[in-house]
Amino acid sequence: MELADVMLQGFAAMAVLYFTIALSWHPLRNFPILLVFLYGLTFFFANFGPNTTTFILPSLVYSAECRSTFNGISAACGKLGALVGATMFAPLDKKFHEEVVMFMCAITALVAFAMTAFFVRLRATPTENPRPGHGRYSVENELPMNVPMNEASA
Amino acid sequence: MLASSLIFGMVIGQIVGGALGDSVLGLSGALALVMLLQLVASIGSAFVPAHSHDFYWTLSTWRFVLGIGAGAVYPLAACLSVEQGHPSSCKDHEALRIKRVVWTFAMQGVGFWIVPALAAALVYSKMRLELVWRVLLGAGCLPGIALLYLQYRVLVHQPMTNVMAEAMSQVTTEEEQITFDYDLDRAAESSVPIQEMAVDKNARSNEGTHPSASLEEHKIDGVSERQTSSPYSLPRPLVNGMPLGECIRIRSSPQLRAWADVHSAQRQVNDHIEEDQAPGQENTDMPDRDLHDDSDGEVGTFLDSSPDLDMSSAGIYRESEPPVISTGWFVSLQTEENLFRKLLGTAATWFLFDVLFYGNTLFQPIVIEQAFGSRKALAADALIRRVVVDSLVLNSIALPGYFVAALLIGKKLFGVKQSPRCKFQYHFTVIRLC
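Keeping their order, the protein sequence lines are chains Z and V.
Just so you know, our numbering puts the end of the first sequence at 616, numbered straight through with nothing missing.
Just so you know, our numbering puts the end of the second sequence at 614, numbered straight through with nothing missing.
Any given hint might turn out to be false.
Stated by the list, open to error - Heads up, incomplete: computed chain Z residues facing chain V, CB under 8 angstroms, no partners named:
# : residue
1 : Val478
2 : Ala484
3 : Leu485
4 : Ser521
5 : Ala538
6 : Ala548
7 : Glu561
8 : Ile569
9 : Val573
Said to hold, decoys possible - So the derived label-pair ranges between C-beta atoms look like this:
#  : chain 1 : residue 1 : chain 2 : residue 2 : range
10 : Z       : Val478    : V       : Ile294    : 26 to 36 angstroms
11 : Z       : Ala579    : V       : Ile223    : 42 to 52 angstroms
12 : V       : Leu563    : Z       : Glu464    : 23 to 33 angstroms
13 : Z       : Phe580    : V       : Ala230    : 24 to 34 angstroms
14 : Z       : Val478    : V       : Phe520    : 27 to 37 angstroms
15 : V       : Pro545    : Z       : Leu496    : 30 to 40 angstroms
16 : V       : Leu330    : Z       : Leu485    : 42 to 52 angstroms
17 : V       : Ile564    : Z       : Asp555    : 46 to 56 angstroms
18 : Z       : Ile569    : V       : Val315    : 50 to 60 angstroms
19 : V       : Arg565    : Z       : Met550    : 38 to 48 angstroms
20 : V       : Tyr236    : Z       : Leu496    : 21 to 31 angstroms
21 : V       : Ile223    : Z       : Val546    : 37 to 47 angstroms
22 : Z       : Phe493    : V       : Tyr329    : 41 to 51 angstroms
Worth flagging that the hints you see were computed from the coordinates, not collected in a lab.
It should be emphasised that the depicted structure is a prediction, and the values quoted were computed from it without experimental measurement.
The beta carbon of each residue, even a glycine, is placed where N, CA and C say it ideally should be.
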């Protein structure tokens, strides 16, 4: 499976699951096992999806000289997100209800899905040969910029 | 307070650690450094004196330091799994690299699962609660110790994992290996049987000392010139005694080019000595077999004046090693292509994802409460047990996600051998204390 596909399906599945939990929050009270299972599935698809791919992406996208640096910056952005998530959830839960929090999760997952679709065009094209750092992987282009002309036209 | 000090530490650690990985330390050096930091911090946090009035401050400070160490491991471990191993141009290499990173990450999942599992075991062992959290915090140093030991062993074999350093060390120490890899690749491309390539290679390596039937000699103004009429002489993987792949790499980098001039000059001196001493030589006036390559007659300028090299390089360029263009770290930060969109792709999505992921991790108790009723009635020790078991249950559902990802992302690659160095991946369990 392509990395970008894994990422997309992960966000999509999370969005669907959050929506499901948000819409059926009260009925699910009678089926505790089902609720825990659905909620556990959101973590499953987080791992089989963005949790893994966000970790891998930066190490493939940037060129070798600054790969580690931008990887660190991306990871730091992730941790800032973690901080936001950790501080926002409790107040939101108090102010609104759990359903609303779950609904917001679904919206966030959808936004992330859209961003992935727009900005991550990570596709491996089988004919091209790897060139680490400038390789066939590119967030931006279907064809990497640095490939020699004869290869790009092939 | 405790949790946020760890996260703040990680943010700083990731930025600093990532930059360190691109510095002179290299990825391995930087990793060793931050693991040391992590080791000290986890031991420190386990032995924080209890009952002192600034207990939480001390513990938070240690968690902050631990966060720096743990955060720095993220970019370093990812890049190391991508770059480790022989960067030969074999076809599955790119795929193999991804697979390695995925498995590295799956190890983090194992780490995340171990924490509640270990916590559950300790909580149910009727140990004193204070001892429990001290053991849990102190256990964080174990992967650090394991990693430093393993890394030491790996480092003995491969001191530099930086891409630049790797290319350099290969140029100097693994010439034969490169030539061979390169021959294999070319054989695959042009469907020339490998044996022939090997024979060809032997012939070439012999031609310095034994003028064979495939060599013609011409005398022009007392200068002996030999031309190869072997069918394999175009393109010639050895140019001036150097593998062609090496030459191409050298062509692309000014620094290496300067080095190559010196190198080839040395080689030619060696050739002179060898050929002077060879008994089978008929013409010893000036037995420089490469002179005809140089239209301008200069020694060591084959790089810019060899027509057949240019011809062959077009087709071979993508099969060769990536051109190593050393622009320096800071310049590379500024010249990175499509940087903004790349950052949107990697950093912004990561931000959004972690809002969800960590927010929900903290949200777990609320959902569990919804499912199984309020816990307010429970006594303190029973409450702790519930929390530990609940998170263990959720993590057990989540853990397979890592492995499904690892298996499916690598799905096309079954049959590809794992690098023996994938041991490194287990080191990543270290992030488990996050």
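Checked hints:
A cut of 8 angstroms between beta carbons decides the hint on Val478/Z: the least distance to chain V is about 13 angstroms, and the hint is violated. About 12 angstroms separates the beta-carbon of Ala484/Z from the nearest beta-carbon of chain V, more than 8 angstroms, and the hint is not met. The beta carbon of Leu485/Z is not positioned within 8 angstroms of any beta carbon in chain V (closest approach about 14 angstroms), and the interface hint is therefore violated. Of the supplied interface hints, the one on Ser521/Z holds, with its beta-carbon coming within about 4 angstroms of a beta-carbon of chain V, less than 8 angstroms.
Using the Cβ-Cβ criterion of 8 angstroms, the hint placing Ala538/Z at the interface with chain V is satisfied: the shortest such distance is roughly 4 angstroms. Given the 8 angstroms rule on beta carbons, the hint for Ala548/Z holds: about 5 angstroms separates it from the nearest Cβ of chain V. For Glu561/Z, the interface hint is violated, since its Cβ never comes within 8 angstroms of a Cβ in chain V; the closest pair sits about 10 angstroms apart. A least Cβ separation of about 10 angstroms between Ile569/Z and chain V goes past the 8 angstroms threshold, and the interface hint is therefore violated.
The closest approach between the C-beta of Val573/Z and any C-beta of chain V is roughly 6 angstroms, which is under the 8 angstroms cut-off, so the hint is satisfied. A hinted range of 26 to 36 angstroms for the beta carbons of Val478/Z and Ile294/V is consistent with their spacing of about 30 angstroms. The hint said 42 to 52 angstroms for the Cβ distance between Ala579/Z and Ile223/V, and at roughly 45 angstroms that hint holds. For Leu563/V and Glu464/Z, the hinted distance range of 23 to 33 angstroms is not satisfied, since their beta carbons lie about 44 angstroms from each other.
A beta carbon spacing of about 51 angstroms between Phe580/Z and Ala230/V contradicts the range 24 to 34 angstroms that was offered as a hint. The hint said 27 to 37 angstroms for the Cβ distance between Val478/Z and Phe520/V, and at roughly 31 angstroms that hint holds. The given range of 30 to 40 angstroms is broken by Pro545/V and Leu496/Z, whose C-beta atoms sit roughly 18 angstroms from each other. A C-beta distance of roughly 49 angstroms is found between Leu330/V and Leu485/Z, which places it inside the suggested range of 42 to 52 angstroms.
About 22 angstroms separates the C-beta atoms of Ile564/V and Asp555/Z, a value inconsistent with the hinted range of 46 to 56 angstroms. Hint check: Ile569/Z to Val315/V, Cβ distance near 41 angstroms, so the stated range 50 to 60 angstroms is violated. A hinted range of 38 to 48 angstroms for the beta carbons of Arg565/V and Met550/Z is inconsistent with their spacing of about 29 angstroms. The hinted window of 21 to 31 angstroms between Tyr236/V and Leu496/Z is violated, with their beta carbons roughly 39 angstroms apart.
A hinted range of 37 to 47 angstroms is violated for the C-beta pair Ile223/V and Val546/Z, which are about 31 angstroms apart. Restraint check, Phe493/Z to Tyr329/V: a C-beta distance of roughly 49 angstroms satisfies the suggested window 41 to 51 angstroms.
Hint violations for this structure: numbers 1, 2, 3, 7, 8, 12, 13, 15, 17, 18, 19, 20, 21, all remaining hints satisfied.
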